Structure formats: structure tokens, C-alpha cells
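Each number in this note's numbering comes from the position in the sequence shown (counting from 1) with 148 added on.
Careful: at least some of the hints might be erroneous.
[To be verified] Okay, derived cross-link-like pairs now, EDC-like style, lysine to aspartate or glutamate, Cα gap no bigger than 20 Å in a straight line:
1) Lys364 to Glu312
2) Lys415 to Asp431
3) Lys385 to Asp431
4) Lys360 to Glu312
5) Lys162 to Glu242
6) Lys251 to Asp233
7) Lys158 to Glu346
8) Lys154 to Glu346
9) Lys248 to Asp150
10) Lys232 to Glu312
[Unchecked claim] Computed Cβ-Cβ distance ranges for the label pairs, DEER-style:
11) Gln390 to Ile441: 19 to 25 Å
12) Arg382 to Lys338: 23 to 29 Å
13) Val156 to Asn300: 34 to 40 Å
14) Thr362 to Ser412: 36 to 42 Å
15) His259 to Asn165: 55 to 61 Å
16) Leu235 to Pro321: 43 to 49 Å
17) Leu403 to Tyr342: 36 to 42 Å
18) Ser159 to Ser377: 18 to 24 Å
The set of hints was computed from the structure by calculation and includes no laboratory data. Predicted model only: the values in this text are computed from it and were never measured. For glycine and all other residues, C-beta sits at the position ideal for the given N, C-alpha and C.
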Amino acid sequence: MDLTNKSVIKSLLKKYNARPEKYLGQHFILSKSALTLMIAAAEVKVNDTIVEIGPGLGTLTQELAKIPHPLKKGGGLKIIAVEKDHLMISILKETLADYKNVKIIQSDARHISMSDIYIDVGHRYKHQYKIVANLPYNIATFLIRSWLEMKNFPKTMVLMIQKEVAQRICAKPPHSNLLAISVQFHANAKIIDYVKKESFWPKPKVDAAIIKITPKQDGRYQPIGLKQSFAFFRVVKAGFSQPRKQLLGNLAKKLKITKEELISTFKNLNINERARAENLSLDQWQELAQKLIHN
149 MDLTNKSVIK SLLKKYNARP EKYLGQHFIL SKSALTLMIA AAEVKVNDTI
199 VEIGPGLGTL TQELAKIPHP LKKGGGLKII AVEKDHLMIS ILKETLADYK
249 NVKIIQSDAR HISMSDIYID VGHRYKHQYK IVANLPYNIA TFLIRSWLEM
299 KNFPKTMVLM IQKEVAQRIC AKPPHSNLLA ISVQFHANAK IIDYVKKESF
349 WPKPKVDAAI IKITPKQDGR YQPIGLKQSF AFFRVVKAGF SQPRKQLLGN
399 LAKKLKITKE ELISTFKNLN INERARAENL SLDQWQELAQ KLIHN
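Please work from the sequences and hints to get the whole structure.
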């Protein structure tokens, strides 16, 4: 069954009296090359555990499940597919029936923890996991932030998301933003490729991007330290509170610090007094936060 074929998709949906739900952000991928790129970027190994959010019809899931794996008991690639839509669950039970290395879980990804998933399949964090998914655009940012802040964060994430969001995540000065700093503080991110909106059915309003996000597993919070990460983001959020205004004024207003103190700190860190939040690199934010936290 070719799940990238529009006629096959429509026939399958009709069989189960289902339709693409706009509120769930359901857009089914038609591009086999995009799926190949995602799997290659994830560097899927035979003993990996892959978590897929929003598998829909099981298009990506099938391609993952086809990867050769050992037949020995307890070994091989394992895929955990988390789907919210009960009709899609019924379809997945058909499209994935031949793949014994796939576990289907009905749940809302926004409200399930990875520990719950692992307990359900009996892994209990014996292995690191990867997230590979074509995410609903309307919850992608929320999910990415949540996953990066987890104690048991994934080894890597390869995601299909809205092109603009991917570009924002990977942005550098002078086009930085709160989302970019939030993600780059925890991880390295890069865009693998872009996918035209015509590669989906129904066609979304915007193009997509395949993005790879790799958490900084050796000291994500350096040089600040885990206990001070909340203070770090308090400073960053204050800086971006009014992005078009100068950083100095935003910090003075939100953090209740005098402009004189801030000017002195800026000079010590070689930050332009007229800089906006978008002009600072992650390293500069970390240095600035350290100074303001310890003052």
C-alpha cells in the first residue's frame, strides 16, 4: 500500500469514514524523497528506539519500520507511534499490521511524558530514544520546547515543521529571536532541506522544512548551571519583551535595574548600548545573564 499516493489516501480515509482534521493539523506527506531525507538525517540504527508523534496514516512509520533489524529476541529497531485521533488509530492498525516492531499509543502528545511511553512498552529508559515526526504545525513549537526541557530528553530530533518556524529556530544575529535562543540554549539545530507545500495533501498554506535538533548532552546549561537556567530565561524574556526597542530599555523596565548599571555591564561585555535583543548571540546572552544574575 503506497501511502504517498493521493488516491490511496483518499480511499483509505473513505473506508474509515475519516477526513483530514484541520484542528489537528493533519496534512499527509506525498513525497517519498522527504521521508528518505528524514530517516537519513536521524541516522537510524538497528537498535534505536524511535518515537513518532502524529503518525497519521502511518506513512513515515512504515518507512521507519522497513529498516532491516536483527531477528533476535529483544533486539532491533523499535518504533513508538503516538496518535491522538481515534479514527487514525483504526487506520494505523491496518497499515502497520505487518510491522511487529511498532507500538501504537493513543494519546495527546502535549500531555504525555516520555517516561509514560517507556513504561508502557517496558523500556524504562534502558536506551536513549530519537524523535522522528511530521509534526502538526499548530503545536510544533510547544512540543519542541517541552522535549528539550525534559530530564530524559531525546538523543536527537528530526522533524518536519513549518518553514518559517524552522528558520526562526536556526536564526543567528542580527535576526535572532526568543525561540532561537530558547532552542539553541539546549541544542544545536540545522535545517536539512525544505519541502514544498504541494508535497502534502491537503495542501497547507505554507512550505515545510526538515530540521534536525540535537540536544547538548554534555552540559546543556553551561556555563550557567541548571539551577540558574530559570534566571537566564528571565533575562532573555525581558530582553525580547519588546523586540523592536533597545535591549537596555527592556531590561531596565522588566528587571528593575537602573540604566546606569546596565550601561556599565554592557561596556564590560562589549555590547553596544543601542543593541536590540536580536543582535546578541547565545554566548553574549549567557555572559549578560551571568553578570545580571550575580549582581
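Here is what the structure says about each hint:
For the proposed pair Lys364 and Glu312, the alpha carbon gap of about 23 Å is over 20 Å, so the pair is violated. Between Lys415 and Asp431 the alpha-carbon distance is near 16 Å, which keeps this suggested pair within the 20 Å criterion. A C-alpha spacing of about 16 Å is found between Lys385 and Asp431, which places the hinted pair at or below 20 Å, so the restraint holds. Of the supplied pair hints, the one linking Lys360 and Glu312 holds, its CA atoms being roughly 15 Å apart against a limit of 20 Å.
A threshold of 20 Å between alpha carbons decides the hint, and for Lys162 with Glu242 the separation of about 14 Å falls inside it, so the pair holds. Restraint check for Lys251 and Asp233: the C-alpha separation of about 16 Å stays at or below 20 Å, so the hint holds. Using a Cα cut-off of 20 Å, the hinted pair Lys158 and Glu346 holds, with the two alpha carbons roughly 16 Å apart. The suggested pairing of Lys154 with Glu346 holds, with an alpha-carbon distance near 12 Å, which does not exceed 20 Å.
Simply put, Lys248 and Asp150 have alpha-carbon atoms about 19 Å apart, close enough for the 20 Å limit, and the pair holds. Only pairs whose Cα atoms come within 20 Å are accepted, and Lys232 paired with Glu312 is rejected, the gap being roughly 25 Å. Distance hint for Gln390 and Ile441: a CB-CB separation of about 22 Å, consistent with the stated range 19 to 25 Å. Taken as a hint, the range 23 to 29 Å holds for the pair Arg382 and Lys338, whose Cβ atoms sit roughly 28 Å apart.
Restraint check, Val156 to Asn300: a C-beta distance of roughly 37 Å satisfies the suggested window 34 to 40 Å. Checked against the hint of 36 to 42 Å, the pair Thr362 and Ser412 passes, with Cβ atoms roughly 37 Å apart. Take His259 and Asn165: their Cβ atoms lie about 27 Å apart, and the range 55 to 61 Å is violated. Taken as a hint, the range 43 to 49 Å holds for the pair Leu235 and Pro321, whose Cβ atoms sit roughly 45 Å apart.
Our hint of 36 to 42 Å for Leu403 and Tyr342 holds, since their Cβ atoms are close to 38 Å apart. For Ser159 and Ser377, the Cβ-Cβ distance of about 50 Å falls outside the hinted range of 18 to 24 Å, so the restraint is violated.
Taken one by one, the earlier hints fail for this structure at numbers 1, 10, 15 and 18, listed in ascending order.
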